[in-house]
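Fit the two chains together into the complex; they arrive one by one in their own frames, and the hints show the way.
Listed below, chain by chain, are the residues.
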Amino acid sequence: MSSLIVRAATRLMVALLLMFSIYMLLRGHNEPGGGFIGGLIGASGFVLYAMAHGSAEARTALRIDPLDIAMSGLGIALFAGVASLFDGDAFFTGQWMFLGATETEKGLPLSTVLIFDVGVYLVVLGSILAMVLALEEEV
Amino acid sequence: MTPQEFFDWSLHASFIMVMVAVALGFIRLIKGPSLADRVVALDLMTVLIVAFCGLYALLSEVQAFLDVAIVLALIGFLATVAFARFIERKIIRAQDTKLAQSLMDEPPAEEPKP
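Residue numbers (our numbering), protein chains in the order written: chain A, 275 to 413; chain B, 20 to 133.
If you are wondering where the hints come from, they were derived from the structure by calculation, not from laboratory data.
Do not rely on the hints blindly, as some may be mistaken.
Covered stretches of chain B (chain A as the covering partner; in silico rule of three or more C-beta atoms under 8 Å from a C-beta of chain A) [as the list claims (entries may be wrong)]:
hint : stretch
1    : 77–89
2    : 93–101
Here's a subset of chain A near chain B, in silico, CB distances under 8 Å, partners left out [what the hints assert, rightly or not]:
hint : residue
3    : 287
4    : 294
5    : 306
6    : 321
7    : 322
Sample of chain B residues lacking proximity to chain A, with all beta carbon distances greater than 10 Å (derived) [stated by the list, open to error]:
hint : residue
8    : 35
9    : 72
10   : 74
11   : 118
12   : 122
No residue lacks a Cβ here, since even glycine has one placed at the ideal position from N, Cα and C.
Isolated chain B, as found in the complex (with noise of 0.2 Å):
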């Protein structure tokens, strides 16, 4: 096997690792059972399309798919950001609207006679 071969075989057998991995993550990100799972799963597949962009540069031997990987790499992390803020602030307002609820709820506090 020559160095070429071998460099061709291993660019292939990763193509399809990637491949794998990205449907996988894809699975985990239909069936999540909450909403934190698919923003890891999503993360994941960023990360996933980041490497196979890499790889995508070896095989074409085109350098601007590497800055591509660059800029996903980079906006992939202001999305995760942007999904946790998104998180917090849902469970921030579920509890607002629990409390105002149960103030509503509460039947008012009667006024001691005199």
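Chain A with its partners taken away, still in its complex shape (with noise of 0.2 Å):
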């Protein structure tokens, strides 16, 4: 289907849609989000631009093979839960860091909570548009 219009109006939304896929991931600690949702957003970007452009085209822009993402994905999880073991907690606790912190000032905190979320969000990614794409191929 390659009608000039769901063209135009695809480039203008996968933009959108792999921005708030962002935003969504980035916000998850504390407001509704997460990697989880994120990586469910920024799928559905990729999977607009397949219909619109072909799978073969979605494949060159995503540049890695959506498997090799997902592995990653769970790699850096996998990371995020050992890095507790270096302060003796126990498995999967979360480590923060609050960068620039003041006697009175928070600082910006940082977690291991959040690579935790970035290894989600590219597992979800990675595992749907694999299914996806190979589902498109095959028709």
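This is the structure we're talking about:
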């Protein structure tokens, strides 16, 4: 389906969907959102691209094989779990770091929870895209 | 009528109107003679639910409902494109099977006798 309207609209929508997926990923700890929903939104952006331009183009736009993305996400999530080992805590205990924290200011809170969420994001993005692109190419 | 009263009144009136529109769209979804009618009805209902989320965000003053509305509006476009593709493929397939059927039904051309 190579209609001009779909291709022109897709150019805007894909950028919007990918930006929104990153936004959903980063706000996930304290508000609704997180790695899973972010990954789904990002995957639907690439699915839209595959529908408008064909799945071969979508694979080129991804640059990396979707299954490789999923596997690296699994590795990142595992690393987030193992990271608590260095402090002698139990497996998957959240480790926090407050960048630029002073006596009164909290600073920028960074944690292994976010790293785990990034891992979940990549796993969802990769596996959904692997399934959808395989289905697209079969027909 | 104070501004707050007017706001509440119009909020509830718009809830009623959106719900009536969803019900009408649902009737079209059930009755719709062709698949294209059903797809358009489904798209209409998606847009109405986006409006409902916006209204509910105003009523409950929870910002998260606006994010729901954004995601639904983005995914609704994807759903409509996917349905359009499905219809297109269905037509192509029907033509293909019709062609195959007509080829099968046709008696094989007789070879010219020398």
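Hints and how they fare:
Counting residues of the stretch 77–89 of chain B whose C-beta lies closer than 8 Å to any C-beta of chain A gives 3; at least three are required, and the coverage claim holds. Check result for the stretch 93–101 of chain B against chain A: holds, 6 residues qualifying (beta carbon to beta carbon below 8 Å, three or more required). Here the hint on residue 287(A) is kept, as its CB sits about 6 Å from the closest CB of chain B, short of 8 Å. Nearest Cβ of chain B to the Cβ of residue 294(A): about 7 Å, under the 8 Å cut. The hint holds.
A distance limit of 8 Å between C-beta atoms decides the matter here; for residue 306(A) the minimum to chain B is near 5 Å, and the interface restraint holds. Among the interface hints, the one on residue 321(A) holds; its C-beta lies about 7 Å from the nearest C-beta in chain B, closer than the 8 Å criterion. For residue 322(A), the interface hint holds, the least distance from its beta-carbon to any beta-carbon of chain B being 5 Å, beneath 8 Å. With a closest Cβ-Cβ approach of about 28 Å to chain A, residue 35(B) is found to remain outside the 10 Å limit, as its non-interface label requires.
Here residue 72(B) stays apart from chain A, with its beta-carbon at least about 13 Å from theirs, past the 10 Å limit. Here residue 74(B) stays apart from chain A, with its beta-carbon at least about 18 Å from theirs, past the 10 Å limit. Remark: the non-interface label on residue 118(B) is consistent with the geometry, its nearest Cβ contact in chain A lying 18 Å away (cut-off 10 Å). In this structure residue 122(B) is separated from chain A by more than 10 Å, as the shortest Cβ-Cβ distance comes to about 22 Å.
In this structure, every one of the numbered hints holds.
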